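2 protein chains.
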Amino acid sequence: MSYRAPVNDIRFVLNELAGLSEVCALPGNEDTNPELVDAILEEAAKFAEGVLAPINRNGDLHGNTVDNGVVTTAPGFRDAYHQFRDAGWVGMRGPVEYGGQGMPALVTMAVEELWCAANLSFSLCPLLTLGATEALHHHASDELKSIYLPKMISGEWPGTMNLTEPQAGSDLAQVRSKAVPNPTGDGSYLISGQKIFITWGEHDMADNIVHLVLARLPDAPAGVKGISLFVVPKFLVNADGSLGARNDVRCVSLEHKLGIHGSPTCVMSYGDNGNAVGYLVGEANRGLSYMFTMMNHARLGVGVEGMAISERSYQQAVAYARDRVQSRALGSDDASSAAIIKHPDVRRMLMTMRSQIEAQRALTYLTGAALDKAARHPDAAEKQKAQALVNFLIPIVKGWNTEQANEITSLGVQIHGGMGFIEETGAAQHYRDARITSIYEGTTGIQALDLIGRKLASEKGTTAKVLLTEVAATVNKLKAAGDLAVIGDALEAAQEATIKTVDYLLATFDSNPRAAAVGSVPFLKQMGILLGGWQLGRAALIARQKLADGEGDAAFFESKISVARFFAAHQLPQVAALAQTIRFGAESALEIGEELL
Amino acid sequence: MSYRAPVNDIRFVLNELAGLSEVCALPGNEDTNPELVDAILEEAAKFAEGVLAPINRNGDLHGNTVDNGVVTTAPGFRDAYHQFRDAGWVGMRGPVEYGGQGMPALVTMAVEELWCAANLSFSLCPLLTLGATEALHHHASDELKSIYLPKMISGEWPGTMNLTEPQAGSDLAQVRSKAVPNPTGDGSYLISGQKIFITWGEHDMADNIVHLVLARLPDAPAGVKGISLFVVPKFLVNADGSLGARNDVRCVSLEHKLGIHGSPTCVMSYGDNGNAVGYLVGEANRGLSYMFTMMNHARLGVGVEGMAISERSYQQAVAYARDRVQSRALGSDDASSAAIIKHPDVRRMLMTMRSQIEAQRALTYLTGAALDKAARHPDAAEKQKAQALVNFLIPIVKGWNTEQANEITSLGVQIHGGMGFIEETGAAQHYRDARITSIYEGTTGIQALDLIGRKLASEKGTTAKVLLTEVAATVNKLKAAGDLAVIGDALEAAQEATIKTVDYLLATFDSNPRAAAVGSVPFLKQMGILLGGWQLGRAALIARQKLADGEGDAAFFESKISVARFFAAHQLPQVAALAQTIRFGAESALEIGEELL
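So the sequence lines, in the order shown, correspond to chains A and B.
Each residue of the first sequence is one higher than the one before, starting from 1 at the first, in the UniProt record's numbering.
Each residue of the second sequence is one higher than the one before, starting from 1 at the first, in the UniProt record's numbering.
Just to be clear, a hint being listed does not mean it is correct.
One copy or two, either will do: identical chains are not told apart, so a pair holds if it fits within one copy or between any two.
[Claimed, not checked] No farther apart than 30 Å at their CA atoms in a straight line, the calculated lysine-lysine pairs in the DSS-like style are these:
id : residue 1 : residue 2
1  : K225      : K385
2  : K479      : K500
3  : K225      : K342
4  : K465      : K479
5  : K46       : K546
6  : K342      : K460
7  : K500      : K342
8  : K465      : K500
Worth flagging that the hints you see were computed from the coordinates, not collected in a lab.
Note that the coordinates shown come from a computational prediction; the quantities given were computed from them, not determined experimentally.
Given only the sequences and the hints, what does the whole structure look like? Please build it.
The structure is reproduced here in structure tokens:
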């Protein structure tokens, strides 16, 4: 099944909802403008559709193989990566001084959506490289930066993130990998330990791989305050920048996974021969905070993944529903069998997918724009407000988009009926691939705890209340907008229910954190639905105005209104139900004896 | 991960909620009594835990292979089937006159739950055999019955159901397979055509396989009224009952599926050499109605599958959550890391799984008891009422249990964190296996249309209203029961919301069937949650009484109350949200231009 980049939908969100022109007007973004972004999108669409999407099933079918530490990627991946690298896509967001293009986050996000939808497994390699690049750019010495950043930004040396160990998953305090000063006295360190779940930890697509590794120095404090960050290249780098000796780091095995088979998930062993050379990034014992810098971006990236894989699944389901003829249309005089897209429940499923994807895209891109403002807004207060917004929205975007990706790709399977269960169809691959997104870079439970604790409670609900006020303003506009009033009513009910849960969580978090935590994931979903509905409400108002002005493609704008109305009737009512659960569901979750579970 | 048959929970549902002793008192069930059922359950538990569960992963890992029409099952399956057959499990429900034990549906259902949970792929072979047995028993001639039933009931010759063709999935009107009178004039027919998705269509576990096949006779009317049902054995049967020539039916290939790899899903070809001998079952052109007889039972069986695989996933998640130590417990003074079962969100997930499984088990077994009453109640009015209840509940049990199985097994993966995505863990197998249950034997959309049309509207809501009245009676008892009043309040709100949607659907179905159909799946879910909550409310009342009487295991009964309270706060509020969607969500689903999807 082919993939078509949804360029019109993306352009609408960029320009009308996320404020691309404002982002382009920020200091440092002068070289970017909506026309240039259009051209980039068109090129990226060609690449995603023509190069990445066609090898997506190869990745699933063939996966990666490891033989004595050498990982061979699926047919087509190596060549596609070389094309990707040579076209300059890796360095879009990289700093200009190291050869990057310094594009705004909002623009790179749009392009990332296409990579993720076309080939989720493939997209993880540049995504992790970007994360590693950012960590080095913010925290490494100029010497390390000058050695590694140009090669990483050009795509010649992809990067990886090595956090997890068997006993240290969500709980990085348990990291045991060690680093000791190199007896040569050259200022480097010798790293030892085993890391698991290392995405693209080893492969055949590049000459070198730059591993960022969390490890403990001798005498480091216990827990998270004793973790340092190291650069450990696969091949050491000579003074002239050429590749030197093979470093003592090795892929021991590959995991057999439910999905994303195209992406090698490695068990990595450091220092089996006592000679894994690494270089300290920044200061000792600050590794975790450095990782968190990039984890925020990575989490937003995973939110993009969830939305993108949902879009891919939706496109495949629509194509099948147009094609598959089965049973006569209900309430029709025509006795012959109809394409199943005519059946009301199939339409309900397609609209359930579509409306959530559009809501997610709008909210995700809004977060991307806030990221740009937080980085570059000239007004300190605006900058700070944007950063607070980013902090608050990231766990919602990450958690909600990915939880819903599981449901949306499941609907994608369901629409195919029995064929959905057959692997050749491809619908099941999206379902399997999506399943990791609500787990890695922090499970939904981790996101939700972050949301109610570090984000909501720690600032006493300031950003939540700003958002609720903005939602109320949109409610008022919708209620005054004729046939859009029905959206306004549904959004208003959801907004009022959310005020209650915000108050409840603020009142409860300090006094009874366990009770608040029971409501954390329901609250994350509630916020996702409310804010997604808010964005679709904004979209409907804009579409109504465009229609009144006779501007643009009328059918396109009519569809935006239908999507918003559908979401208002099919998703927004869940907000009040979740509010009930959050406010009254804690005790019964906690009271049962642990031994009785 | 080992499986432990939840015998205590099943016993509670059988005896306290589903009315096992009433079922045992029905004419013809005199040989069954709760003590005997206990003994059967203990034996079945041993078999499920000791024989079927241990080979479940074999099935997933090795699957089946086909070589020139010969299908080889996964290691251990053939031997397990022979043990299963020799222990007499196949014929539990079979008619006594053909060697069966004639056990009530309620009792066989409890045993089936264990087979499905232990090894879903394996369980499909006896499940389909039972369906085929029932179709023959009700509709075939005495001659056919005497030849086939004893061997099928003994398990020597398993049965299959051959309905689907590439162009005929949900829409059996499109069946094209043909049957012509055998030129030999012996009264048999020659069958030709290709059938797909034939579960256990060919394998090495038995000497013969009895295929039930839908095909069209010459000059049969078009559509569903021209389909006849045939028995087509793999090996012809000689007059003395011994096996004769190999029939002209062949497994052409096996499907590559998302899950249930242990069960061979075959493409079957009939009459490649013009000589597939079949025997007409009952009258010509009545095949579809015969199939529907058994499909009702099969659908209930798939509802059991959904609940059972959820239970398996739950058990595995609990075990992991007890074992996995990660992060300190929130709000605890103890700074050391805790088992994740102590984390509130993990408990929320476990209780979300557990409470739905208990609600489903109660509702499913209630349907099983109604099936027995519909078959054997001496009072004609009671019998008819029970049949109406069965008809109404089957699509709900099938649709709700299986839709939730997708969510519940997804939570099972989630609780494992990154390990959930690794196939060796086994959590992902349950997630993949479960995914077929909301598709086969009629998708959820098909169940939901059946529910609002043939079940709700065609009897003008009679059974729905009977159920709503019974729910109201339980509401009143709960509201008068002290600390259970909170459950009563939540159930009451759900009941009132459901009255509105029943009225809406009854008013809409004839005048605007497409609008009603948009709300059909939400209505099915609404009914599942309402009726599941009702059953848990009943369970809580009984548990409260047992506690007051000082009878039985207090901790067990306390846990029943916690489960009901949890469900009331976490599931029942969704009913009102679904009611909003049903009543106000039709137009926006249908208005968007098909070409804009």
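ask   = When no copy is specified for K479 and K500, does a C-alpha distance of 30 Å or less occur within a copy, between copies, both, or neither?
value = both (22 Å within a copy, 26 Å between copies)
ask   = Within a copy, between copies, both or neither: where do K500 and K342 come within 30 Å Cα-Cα?
value = between (40 Å within a copy, 27 Å between copies)
task = Classify it for me, K225 with K342: is the Cα-Cα distance of at most 30 Å met within a copy, between copies, both or neither?
result = The answer is between: 24 Å across copies meets 30 Å, while 59 Å in one copy does not.
ask   = What label fits K342 with K460 when the C-alpha limit is 30 Å: within, between, both, or neither?
value = Answer is between; shortest inter-copy Cα gap is 26 Å, intra-copy 49 Å.
task = Give the relationship of K225 and K385 under a CA distance limit of 30 Å: within one copy only, between copies only, both, or neither.
result = within (29 Å within a copy, 68 Å between copies)
ask   = Between the shortest in-copy and the shortest cross-copy C-alpha distance, which are at most 30 Å for K465 and K500: within, between, both, or neither?
value = The answer is within: 11 Å in one copy meets 30 Å, while 35 Å across copies does not.
query = Are the CA atoms of K46 and K546 at most 30 Å apart within a copy, between copies, both, or neither?
reply = Only inside one copy: K46 and K546 sit 29 Å apart there, 68 Å across copies, limit 30 Å.
ask   = Are the CA atoms of K465 and K479 at most 30 Å apart within a copy, between copies, both, or neither?
value = Intra 21 Å, inter 37 Å, cutoff 30 Å: intra-copy only.
Hint compliance for this structure: no hint is broken.
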